Structure formats: structure tokens, C-alpha cells
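Participant: This is what each chain is made of:
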Amino acid sequence: MFKKLIKKSRAKSPWIMHFDCGSCNGCDIETLACLTPLYDVERFGIINVGNPKHADVLLVTGTVNHRNKAVLKNIYDQMPDPKAVIAIGACGLSGGVFRDCYNVVGGVDKVIPVDVYVPGCPAKPEAIIDGVVQALAKFEQKQAG
Amino acid sequence: MLTFTPNILKNLAAKPATRKYPFVKREQFSGVRGELYNDIDNCIFCGMCSRKCPTQCITVDKTAGTWVCDPFTCVFCGICADSCPAKCLHFHAEHRPPSVERETISMQGEPPKPKVKKKAKAAPAKEEAGKKAKAEPEEAPKED
Amino acid sequence: MSNLLLLLIVLPAIAGLVCYFVRSSSVRTLTVTATGAVLTAASLALLGQGSFVFEASGLWESLVTVLDFALLFVVLYYGFKLKNLLIKVLTVTQIVLLGFFELFMLDHGVSVPALMGDNLALVMVLIVSIIGSLICIFGIPYMKEHEHHLNLKKSKQPQFFLFLVLFLGAMNGLVLANNILWLYFFFEVTTFCSFMLIGHDGTEVATKNATRALWMNSVGGVALVLGIIFAYLQTGTLGIVEMLAAGPAAGALLVAVGLICLAGFVKAAQLPFQSWLLGAMVAPTPVSALLHSSTMVKAGVYMVLRFSPMYEGTFLSHGIALCGAFTFLACAALAIGQSNGKKILAYSTVSNLGLIIACAGINTPLAIIAAVMLIIFHAISKSLLFLCVGTIEQAIGSRDIENMRGLFKSMPRTAVVTIIGILSMLLPPFGVLLCKWMALEAAADHLFVIVMLALGSALTVVYWARWAGLLMGGRRIESTPEKQPLFTRGPLMLLCAGALVFAFATPFLYREALVPMFAAAHAASHGNILDAATGGFAIYPFIMLIGVGALFAMYRALRSDVRRTSPYLGGAHVGDIEDGSFLGPMETAVPYQASNYYLGEVFGELRLTPWFNIAAGGLIILMLGGAL
Amino acid sequence: MEGLVLALLGIILAPMAGGLLAGTDRRVTAWMQSRQGPPILQAFYDVFKLFGKERLMVNRWQVLCCWIYLIAAALSVGLFFGKADLLLIFFVQAAGAVFLVMGALSVKSPYSQVGAQRELVQILTYEPLLILVFAGIYLVVGSFNVGDIMAYDAPLLRKLPLMFIVLSYALTIKLRKSPFDFSTSHHAHQEIVKGVLTEYSGPALAIIEVAHWYETILILAVCSLFWATNWFWMIVLLAATYFAELVIDNTMARMTWRWMLKYVWSIGLALTFINFIWLHAG
Amino acid sequence: MIPNEHPVTAESLVSEVMRKKNEGYRFVTMSSVGLEDGTTDILYHFDKDLELAHLRFNLPTGEKAPSVSGVYFAALLAENELRDLAGLEFEGLVLDYNGTLYLDPSVETVPLVNNVKIVDKKA
Amino acid sequence: MSNRTVIPFGPQHPVLPEPIHLKLVVEDEIVKEAVPALGYVHRGLEMLATKRDYHQMINVCERVCGICSMIHAVCYSQSIEELMKIEVPERAQFLRVIWSELHRMHSHLLWLGLFADAFGFEALFMQFWKVRERIMDINEATAGNRVIVSVNVIGGVRADLSQEQLRWILDELEIVEKEVKAMENTILNDYTVKSRTVGAGVMTYDQAYELGAVGPTGRGSGLKSDARMLGYGAYKHLDFEPVVHPDGDSYARSWVRFHEVYRSIDLVRQAAAALPEGDLAAKVKGNPEGEVVMRVEQPRGECLYYVKGNGSKFLDRVRIRTPTFANIPPLLTMVPECELADVPVIVLSIDPCISCTER
Ligand code: SF4
Ligand code: SF4
Ligand code: SF4
Ligand code: SF4
Ligand code: SF4
Ligand code: SF4
Ligand code: SF4
Ligand code: SF4
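Protein chains in written order, with my numbering: chain A, 1 to 145; chain B, 146 to 289; chain C, 290 to 917; chain D, 918 to 1199; chain E, 1200 to 1322; chain F, 1323 to 1681.
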């Protein structure tokens, strides 16, 4: 019973944390916009938390550069299981327009495992919402498997 | 103090401004650069898009007749579509849906005429691999 | 009976002399330990016998008078030696007044019982004998270590233990005295002992602070002599019991009582006399522990409490309540600004004594019981805490609480004992808090008193909670168990156990011992109010659930399926997960550093003390003036 | 016996009420911000989810402290419903609050440390106010006992209107609402991250959340004493009070604790004195 | 060549910058551009009432430039940036990040200069 | 034992939308020392000038920052246009102004929201962002993307505004103006807001000038400097007066930005009224050669591009001095001796944009 409740709750209360890994702000503000009245992801029980220890879903925007890759790893490690990672925007997916730059690692999945990729430059709030929904579906899969 | 009260009371009385996405999808504005796709039937494999693309995420193989784009690198700037001489690149207004693994858009088309028709290999096309289309020889790209 | 009294009062003096003259350390250890055991046994036996009144022979009476003058002259000698005018003047005043009183006023024909033991006195004897002895025993290894640090050529321990043990006897005498002149004598002995002990280390600060303690307590002495003379003139008796029998006082007698209370204030280091007790911190820790918990300051509150029936319902009573409450509040505020562990303890002591005195001033049966219980619980917890700080200081070389961060890691046992000690000062189900509860209930009718108590108790929470909190943390390192001598660990453990056991015994103590004792003695008709107000602790088993809950919480905490992680440092943490260091500017690792807020701009000692002293002085003048 | 039953009932029902209230709070707040907001049961989803997460801790003291916080909070609610003594209830509650602080202090994290210090300042601010409110109630009713207070035959609000305002300061602080959400806030965007809660996660965080519900209920229960003569008006009073809290939360910036200490103490004490003198005069 | 620019030398640089300051110019920023011959041009941009003025300083390879952060505090960020991106060193920088302003040790070559290895950053 | 606490403020920190790190040393929450560590957003995109041709570079420059991307593109295009002596059609210049001012508006509204968030006023944050969505809709409907609009090309613009679109924009701006007006009393006069912003992070006129503060940060200290006064693009045809406030504290800076929203609405109206007919873009032939310094006014202040071309389609050097880069030294002097709680307020008061600072 309790297990079922927890499972149900998990899908209804994904707390997100956003980390900017060197983005141009485009994807960040679209992520932030998801919280605001027009998109209001709190409808899905999503809360934007500021601290990896409270987060279920990590939203990463930006190219991942050499200085912040360690930070990204640290943050990921401080999240309690079960957790999911969503990479947002061309930068987070591959480095985007900056992928040839010397300081760009290029893609979140080079540092931590990524569950959902949300393309766009920037990804639209709707796309980000879709991404979170997919991440939740993945939670369920992980539990089943 | 409390100067914001009228605003919140007004909000309380009015309907929330929230758009009910994804349950209700509002109509997109026309001209929005959502998902990029290629009318592969019309593509002449000139490679202009791949040269102009600021992220260099398009690969065009003229001989094999493939057009491959990395949607995870594309920044949806629309330069390719603007510069495409065949005007076969378009954007859906809907954004490209997120995915759970890496993807590429690879499309198999009819390579331009001058070359001898090759057996097109069945590329692992995610997007529907285009039906073989006839490309006009006159529209073959001019090289600098 | 008389043998027991002899044991309690005279034996310590003899034991002290043995320590002084036989310079062997093993004899000293034996003497101190044995004296402690005997005192404990004797005090328990005395308790078993219940209340009594004891007439001493005339010989004793004369002996006390002679010793009294002798002591005053010794003090005068020190006044000259220290070239301190205040001490000289105050002592001469006492000699003159007392001489005049003995020669011209006192009717030597009428004799009063010299000693008596009622419930209050017996409780005090228990505290002095048991807790005092434990502290003395703790002192044995402590002083060895202490002198080791100082590299003394010739041990000064014989002298140290002379006064330490003598102190216990004097305290027992003080609380058992019925003849008020005897009380005065023992009062002076404690003054003198504390002077010697504070100055023990002989450093410049020690001498200075000892001198301050001496002159301030001499002020108390003068007030006491005056009080005695006035009281005698009004009542015609020297017996405390006889005076109390006369019931609530008025007019000049009230002034006399006020003066005696003033003497108590000085002893109890109430504002504005707190500085001597703070200065006493320079002495070795056992001395501080003794002064703060079971002796000296408790003598002060004892006197105020002792005379409480005489000022019941008078303006003086309100004044005393206000003074006490003000000290409670002010010292709690001062403690906030401190990071020196011993100073925090000192301010907390003064603050709690203020609470006791406020209770005495509120002067309802409930308040009086609260006061007595506070004396007991405070003595246990405070002595424990002093011993803890002493132990920690000897181990880490600092008494600054900031240096005790994560102490659990290196000294797990001491840290836990300290935490328990601190919690016993502020949380339910421990006794100190219950007394505070009773005090607040009793004070609810007094607007200013309750406001000050409310603010003060919140301040108290702040300085205790942060100290306890910072001791925690760190992983327990199994490979280096803490080693301590038996005589260090023994008293710590016993006192800690005492704090825990007494917490659980509170309702029993309240219902079975104190209510009948004081409610009856005070005003029997008030008994039912007591039960109504505190629910007679009927609810107590329920709060005890906190204790049970704590056990459960401990069980949860020890369950092992926890993944450890480093603290959150903005993702910049580097190195070991225990370290708490992060990668700062210029690729350098920045070590963890944190600190409590001491709010120097509000709670700074130098800033606040003058104002508090002025206010407290004003209150005392109001209190005495109101009595007129 | 009846007391015991009521107490148990309180302990069981309070978190349910607290969770529902938290959900409603979030919903109404969202409406005030022109958002749709989460489902009413959201608070429960959150807590259940947290219970299902991995235990990730810096040290074991935290676990100890959060459990004691919960137990103390639950007990204080139980004591209230069991009609015990107000001051005692308050002390038990304070014990929990102290453990919350100590848990935060036990971790080598500057955020948690700063949060703990701020929490202490908050305790320092509201504790005396609460004691004074209780003293005010005592002056009117002549008892600290909840049962006696409920039995009093006129609404206390009439005699202690200013003390109700004083209580509402304590309520705002306890609810961690603007302008007093310093030590930890319901929103992530705070300079000290989550303050005292920074280092808690998963089940431990759930425990703290439930304890917070208990505390909310406790202090609302104290509010309800101000109109205990009539169920209807009691509920109206509570609803109005809570709504006022929401309005305040949504129309004020977060202030600083220095400001709070100055402002709340001076206003609180002034109101107390006026109300007490008025009581004496009246 | 940009309008309103003046060449300066290593000796005159600081005093020229000082003069700009005394004339009431606001410091805008510095730019650098590598030249064919391997030397680097450093441009100092100033502004007064929306008029730009520039100083051009040619820094030979391997030499240190004098820092102007003592004159204009704001120059410290620009100089540290050039230290990172173009590998230029400045003498007397008020707060010297020594090549760690932007770059992590894992970036091994000077970004705007081809094939030049970054040497021990922390030294 | 010192009673100091060292706080690693960032790189990941909820108050910072972007990763930077400040080592804060505080004593009783008074900041005694603040040392920044940068490089968490540095990508090194200036170097792409040697790997992408000068047309493609425009899309890179747009992504220096996703907030005022339009204006970066304008500045870059103007640099190239100046090097290559390209005459940009009037209509294109006016359209650039319209989109630029729309960007300024959404940037300021975004900032006002974040600023409200910095002092814990969540409802106000929500309200500003709700209004902002109207501007985002305008962007999306007219330029095809919400944030990075990509309408600039060398020589002009790629997209046009039809008459109905213009009318719709003006109608929307009407609403925006009304809704923003409804918040004026709160952000500028509310007691709690003012007690957090007034006197926080004071910078005098002289300091501002000496440290080279730009944009609203400088104008909040009474510095009457705004690159739009240069009259680049179509600004020379428009009636424009910069918004200035003399106080130099966080309040003054928010006052300036708040009023600039009105000013931008006004500019869009003027531009829409004066929008001439004509081509969208001039033809571009050849490659840029030579050096140029170009300045434009971004929401955060003056932005400067230094571009050097060598006659090939790749550029020798593109150097971008963004406004926040200029505003960081002022910030470093504002933070010490403030309260910890004021750190977010003060940091945000310069409207920092780290992605542009570090590029
Ligand atoms: S994907 Fe585009 S919008 Fe997002 S951060 Fe990268 S460049 Fe900016
Ligand atoms: S025809 Fe268009 S899509 Fe096909 S290669 Fe040429 S530019 Fe690309
Ligand atoms: S996506 Fe393909 S075409 Fe584009 S850069 Fe990568 S390999 Fe080249
Ligand atoms: S939209 Fe832009 S980035 Fe995407 S493929 Fe076309 S040119 Fe390349
Ligand atoms: S180029 Fe023109 S005709 Fe060819 S597919 Fe595209 S739109 Fe159709
Ligand atoms: S003419 Fe040459 S350079 Fe121009 S687009 Fe065609 S192939 Fe490219
Ligand atoms: S965490 Fe709270 S304050 Fe921050 S953006 Fe979200 S809702 Fe607003
Ligand atoms: S200052 Fe920031 S917001 Fe403005 S253009 Fe630069 S990067 Fe963008």
C-alpha cells in the first residue's frame, strides 16, 4: 500500500533543480518561465528547489565547460535516488553553436547520464514541460525494471 | 506596506492566466521555427544548407543522396532554409519533441542525376525515409 | 545528631588541614576521597533524621565569636597586604560594628539554638556535601594536570585542597546556622575561602580578581552586619527560626531583611555585583564549579530564600522579584555576546540565580518550590558543565566554544555528556525547565517580571542551543577512544547520570518531598493552588514521552542504511566529504569556517554592562528604599 | 482518560489537517499569483515521495534531531488537544525547535549554519511574544490550562485584541511566511538556499515537513482559543487569520532578521503593555 | 587604424593612461589582437561624453605589459581576461588571478594563440 | 577564534540564475570580504570568429546572451556593415529598433521579476513575468522564436512586420503598459520593498564614473550616459532622452529600469509610426577588412565590439566588451559591509549577465 502511494506520489511531485552549465541564458529564462503564471508547472506538483539534496530532477542547460563539469558532477552525486537528468537546449545536448569552442566539453551526457534530451535553442517552455513528463515516465520504467 | 494587495485580489477574482499545456495546446503563430524537416523529394543535395549552417550540423552526401541533420546541435536559426535554393527546408510550428536518447535525422533521397543511380542503402532513418524523388538536373548546385 | 553535624561542619576543616600539612599526594587523594564519602553519608543520614534544632554549648558560641574576629583581622591583614583601601575600610567597618554589637547591644544571657535543620537547610546540605565532594574529587587529577601545565617547582596543591575542602564545611555551617551570628561567621569563611581559591594561581589577574571578590563580598558582609543589628533591635533575638516565627515584617525590620537580602545578592553575584564571579573564572576549573554550583553563590540565594516569609507580600518582595528578573534577563543577554565557554556558564549561573531570586520575590508557594528545585537542578547541571568545560579545555587547550566545533569527532564521550548537560539546562523533561515553567506560572500576575522572564528565557535558549549544536557533528572515529583518569570520568558520569535520573524523578520529588514540605511550612491553604497550576505533574508521564522519543530517534539515527554525502557547498566542494572545504577563487581550496553570531553591536559585554549595572543599582535602591 | 483520547486524536488528525492546509495554502497562493496551482493533496504527494527516497545524510545527528523535532511537535499538539497547560505545551514545542537548530548546527555547511543562527533569532523573537500571549490569557482566565480557557464564557478576542496581533506575529514567523522567512523559506530563491533544511533530504525532510504541519496546527489552535465560545466564529476567525497571512505573504518582501528583532519586539512589547494596562483598567 | 587612436610605448603607457584619466575620460575596456609577426596589439578604449579615444600599444612576444589597473581599477578584469585568453602578462596587477580567471587547469593551450601551451598556472 | 563564516556563494546557487562563485566572508552576516571566481560560463566564443565565416558569426554573437540577443546581433552587424560600407535600408533600421526595444522591455521585465525574487517577493516576480509573456508572444509571432529571434543579417533584417502585426503589437503594448503601471506603486513605493532596496549597494556619481559603470547601473548613480544618444541606426530619427536617477542605490537602479520600460514602449510607438517602406536588406558582396569599434546600448548598458577583418571570410578578431563586464568592478566595491541578505539584492541590482561577461 505504502509502496504504491510512494510510487504514485513520485509521479506527482517531481521537484526540479536547474543548473546552468554555461548557457547563454536563453534556455535558463525559458526554464524559469515554466514556473511563471502562463506555464505554471506547479500544476504538476513541480517545485523549483535550490539544492540538489532536495531535487528529483536535474535540469541542465548550457554547454558544460571545463570549469563547471566538476560542479555538475558534484551536484549530481548529491541528489538522492531515484533521480533523473534532463538536458535542455542545443548547448546541453551537444554544445550547440559553441561546440567547437576550446572551453566547451559539449553535452551534459559527457559528464553525467542524461535521461531526457530537450532540443531547441532555446527550448520552449512547452518543450521543457514535455521533457519533464517524459522523465517521469522514465521514473516508472526504472522502478519497473 | 501591502501596496500589492489590489493586484493579488484581482488575480484571485480573475481566472488564472495559466495555459493548460499539454492538455490544451494553443495554436502556434505562423512562421514559428519549430521542428526542422526536409522535403527530401525536392532536395537537390547541393550542400548549401550544410555550408551556411552556423552550427555545421548538416551533412549532405551528394553521391549517396543522404541528408543528415543533428537536431541536438541545430539552433533553429533558419539560415539553412533561407539559403536553400530548392526551398525544400521547412519548419513545423510545433517544437521538436524531447527524446530519451540521441537521435539524428537522416534522410535518404534520390541523388542528383549526373551520377549513375545507386542502390540506396537503407539508412536507419528515423524520419520517414523519403520516397525516391526525381531531381531536376538543371538544379544541380553550381560550385564556386 | 551532634556527631553528624560535627562531621558535616568540622570534618572538612580537619581534612583540609591534613591536606595542608601532610604534603603527600596519595594521602591527599585518600583524605579528599574519604571526606567526600563521609560527607555524602552524613548528609544522607541527616536527611534521614528530618528537621531538628540544635543547641550548642556556650563554648562553641565563644569559639565562633573569637574565630569571627580572628577571621576579620586576617582579612584586614590581606587588605593591607594588597594595599586595598576598600577592603580595609569595609573590614574595619565590620569589626567596629560587630564589636560594638557584641559589647554593647547583645544580651548574652539569652541563648538561641545555634543550628537547625529544616527542609530547605537539609536540601542545601545534600547539595553541598554530595556535589561539592564530587567536584573536590574531580579536582585531584585536574590539579595534577593543571600544575603540570604551569611547571610549578613546589606544589601548591596542599593549600588548594585546604580551602576547597574547608569551603564545604563552611557551606554546611552556613545553611545549618540558626544563630544569625553563626551564619555571619560562615558567610565570612566562604568569602575568605573563595578569595584564597580565586587567587590561587598567583598571577596578576588572579590576584586582581581575588581582590575584587574580597571587597565586593565585604560589602555584603557590612550589609549583613547591619541587617543583623537592625533585626536584633527589632525582634530581640538572634535566632532565625524565631525571627521567621514573627511573620511578615514591616518598617525597620523590613529594612533589616532587605539588607540581609542585599548581602545575599552580593554572594549570589547579582547585578551589579556580577563582576567578582566573572573574575573568579581565572581560578582552576574545580573552583569555578564549586563556586557556581554548590557553594558560595548558593549561599546567597539561600539567604534570600531563607528570609522569604519575612517579606511576603511586601514591597520589598516585589523589589526582589524585579531585581532577580532583571538579572535573569540581563545576564542572558550578556551570555549571548560570549564565545568563552566559561563566561557563558558564568553568566548563565548569575542569570539562573536571578531566576531563583525572582521566585523568592514572587513568594508564592509555587514560586518557592520552583526556587528550591532550581537550586537542586542547577547545582547538578552546572557542576557537570563546568567539569566538562574543564576537561575539554585541558584536552584542546581552549575554552572558546568556537574551538569546540565538531568535538564529538575527537572526544565523543565528553561531547555527549556536555550536550546532555546543556540540554538539562533548557529542555523538557529536565528539571531546570520545569522550574522555569513553574516560575513563569507564578509570575504571570507581575507584568514587568513576566516580560523580563519571557525575554530572558528566549535569550537563554539561544546561547545554549547553539553551543550544544556545534558540539555535534563529525563521524565517530573508533580507533582513538577517549582516555580519562577514573577521577575525571567518575564525577562526570555520576553527575550526568544524576541529571538524567533527576529528570525522571522530578514529579516524585515535587509531589512527595517538596510540596508537603514547603506548602505546609509556608501557607498550607495554598496547597491546592499548586496542584491546579501545574496539574500536579499529572501530565508528566506524557512529556516523558520526549525521553522515550529521544531513544527512538537514537535508534533511527543508528540504523545504518544511510548514504553519506558532503555538505552542500554550491557544488564547489572538494576533498574528503567530511572536510567541508570548497574550491574558491584562483583554484585554491578554502577550508570550512563558520561561527555563531555574537552580535557585538547589541550584546557586547563592554557595551551593555555599564547600563545594566546602573539599571540594577537603581532597582536595588528602589527595593531598599521601597522597604522604608 | 478523555484527555488521552483527545490527545491521540489530535496527534492523528493534525498532520492530515496540516497537509490539507498546506495544499490549500499553495493553491490559494497560486491563484493570488494568477496561476492555476497544484492539487490540494499536493503536500501529501510531496511527503510520500520524500519518504520513498534514498537516505542521504551528512551525519547521523541529523536523523536524531529531525525525529526529536517531529516527536516534540506531535506531542505538543497532543498535549494541546489533551487540554494541558499552555506553557508546558509551549516548552515541548520549543524543545523540537531547539533540536531543529542543533541538527542544522551539526553539519559543516555554511548555509545550514547561517540558517541555524537565523532560526535562533526567530526563536528569540517569537518565544517571548508567545509567553506574553499566554500570560495575557492567564490574566483574563486565571489559568494556563487549555480546558479552563476553552471553558471561559466570553471570546478572548474581545479582551485581548492586541495580543491577537502579537500572536499573529508569532504565527507569521512560525509559518515561515514573508516578511519573516529567513531561516528557511518555502521558495528556493533565497540567499541561504534552504537554511536549516539545506542538509536534509528524502525521508528526513519529510519528517520535518510533517513536524511543520504539526506546528502550524498547534499555533492555529492557539489562535482558536481567542474565540472558543462558538464553533462558527472560531472557524471564521481562523480562516480570516490564515487568509490574512496569505495576503501578507504575497504582498511583502522578505525583510532582514535585524529588522525583525527590532520591529517585532518593539511593536510586540508595546502592544502587550497597552493591552495589559487596558485589562487592568477595564 | 581606428579614428582617434594614438600609439604608446611601454614607457609612456601608464602616464598616457593617467593623462586620459586626468582629462576626464572613463575607462571602457581593452582589446588585444595578435599580429602576423607574432607581436600583440593591445588597445585601450576610453570614453568621454560619448566620444571614444584609443591608445594602441604593441607588445613584443614574451614581454610583460605594465598594468594600468592601478590607475583605473576597472582595468583589472580586462587585464586578467587577456592573461587568460591571449596569454599576456601584466606587471603590477592589483588582483592577479594568474590565468585562472576563466580557465580550468584542463584547458592546456592559450585560446587565442595557436599551439602555445599554458605553463604552471598556480606558480 | 575569529567569528567569521565563509560562504561559498555559488557556482550553483538558487539566487544566481547563472553560475558564478563568490567567496563571501561574513561576520554576524555582515559581509567583510567578497572575492569572485569566474569561468563557469566561459565558452570562448570570440575564438569562433576564426572558425565560422562572418555571416555565421552573427548567429554566434546572438548567443553571447539569450536575453538581449537581438542587440548583440545589431552591434555585430553594424560593425561588419561599417567595415564593408554597406548602406542598411531605412526600414531595416527601424525594424531593428523595434525588436531591440522589445528585447529591452522583456529584459527589464525579467529583471524586475528576478529583482523582486531577490528580496523574496514572489508574487511580484510572478506578476512581472506574466506581463513579460506578452512581449515573448510578440517576438514569437513576428520573428519565429521567443528568445533568440535571429532576424538580423548583415545588411539588414530577415523578417518584416505587416501592418496588422504592427497594430497588434501596439495593442499588446497598451496592455503591457497598463499592467506594468499597476505594479509601479509596489516596486517603487512599498515600505517593505523600499526598506530592502533603498540604501543597498550605494555607488556615488564619482565612483560610478571612475569605475566605468554603464547602463542603468551608471544611470542609477546619475550618470547620463546611454549609447542610444549616439543615434546609431534609426535612433537618430527618434525622440529619446535617457532615464537617470541620482541616488546610486539599488532602489535608484530599479527606478531607472522600471521607467525604461515606459521609455521603450514609447520608442516602439515612435518607430512604428515612422516606419518607412523599403527593402529589408542590402546586398552583401566581398569580405570585411580593417578595424572597427562599435557601440550600442543593451538593456544592461553600453556594449562594445571591436572587430578586425583581414579580407577573408574569417575575421582576425572579434572582441566583445559587454555591459556586465564593465559593471563588475563597481559591484565588487558595493558588496563589502552589506548584509548577507542584501547580497542577492545588490548583485542583481547591476543586472548581471555572466554569459555575456565571460562569453
Ligand atoms: S541552446 Fe541556445 S538558447 Fe540554449 S543556451 Fe544554448 S545557445 Fe542559448
Ligand atoms: S537543396 Fe536545400 S536542403 Fe538540399 S542540400 Fe541543398 S540547401 Fe540543403
Ligand atoms: S552533425 Fe554531422 S554535419 Fe554537422 S558537424 Fe556534426 S558531423 Fe558534421
Ligand atoms: S536551423 Fe540553423 S542551425 Fe539548424 S540546421 Fe538550419 S542553419 Fe543549421
Ligand atoms: S523548393 Fe519549392 S518547390 Fe521545391 S520542395 Fe521546396 S517549396 Fe517545394
Ligand atoms: S555558387 Fe558556389 S559558393 Fe555560391 S552557393 Fe553555389 S556552390 Fe556555393
Ligand atoms: S522558488 Fe519560489 S521564489 Fe523562486 S522562482 Fe520558484 S516560486 Fe519563485
Ligand atoms: S549584457 Fe547580458 S543580457 Fe545584455 S547582451 Fe550581454 S549577455 Fe545579453
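Keep in mind the hints are simulated off the structure, nothing from the lab. Do not take every clue at face value.
Restricting the straight-line Cα-Cα distance to at most 20 Å, the calculated cross-link-like pairs of lysine to aspartate or glutamate (EDC-like) are [unchecked claim]:
id : chain 1 : residue 1 : chain 2 : residue 2
1  : C       : Lys-377   : C       : Asp-396
2  : F       : Lys-1558  : E       : Asp-1248
3  : A       : Lys-73    : C       : Glu-867
4  : B       : Lys-197   : B       : Asp-227
5  : B       : Lys-165   : F       : Asp-1459
6  : A       : Lys-4     : D       : Glu-971
7  : F       : Lys-1516  : F       : Asp-1569
8  : F       : Lys-1373  : A       : Asp-100
9  : A       : Lys-73    : C       : Asp-868
All values derive from a computational prediction rather than experimental measurement.
Participant: Would you mind marking each hint as holding or not holding in the structure?
Facilitator: We went through each hint and held it up to the structure:
no.: 1; hint: C:Lys-377 with C:Asp-396; in the structure: 29 Å, violated
no.: 2; hint: F:Lys-1558 with E:Asp-1248; in the structure: 17 Å, holds
no.: 3; hint: A:Lys-73 with C:Glu-867; in the structure: 18 Å, holds
no.: 4; hint: B:Lys-197 with B:Asp-227; in the structure: 10 Å, holds
no.: 5; hint: B:Lys-165 with F:Asp-1459; in the structure: 16 Å, holds
no.: 6; hint: A:Lys-4 with D:Glu-971; in the structure: 16 Å, holds
no.: 7; hint: F:Lys-1516 with F:Asp-1569; in the structure: 13 Å, holds
no.: 8; hint: F:Lys-1373 with A:Asp-100; in the structure: 8 Å, holds
no.: 9; hint: A:Lys-73 with C:Asp-868; in the structure: 18 Å, holds
The structure fails to meet hint 1 from the earlier list, while all remaining hints are met.
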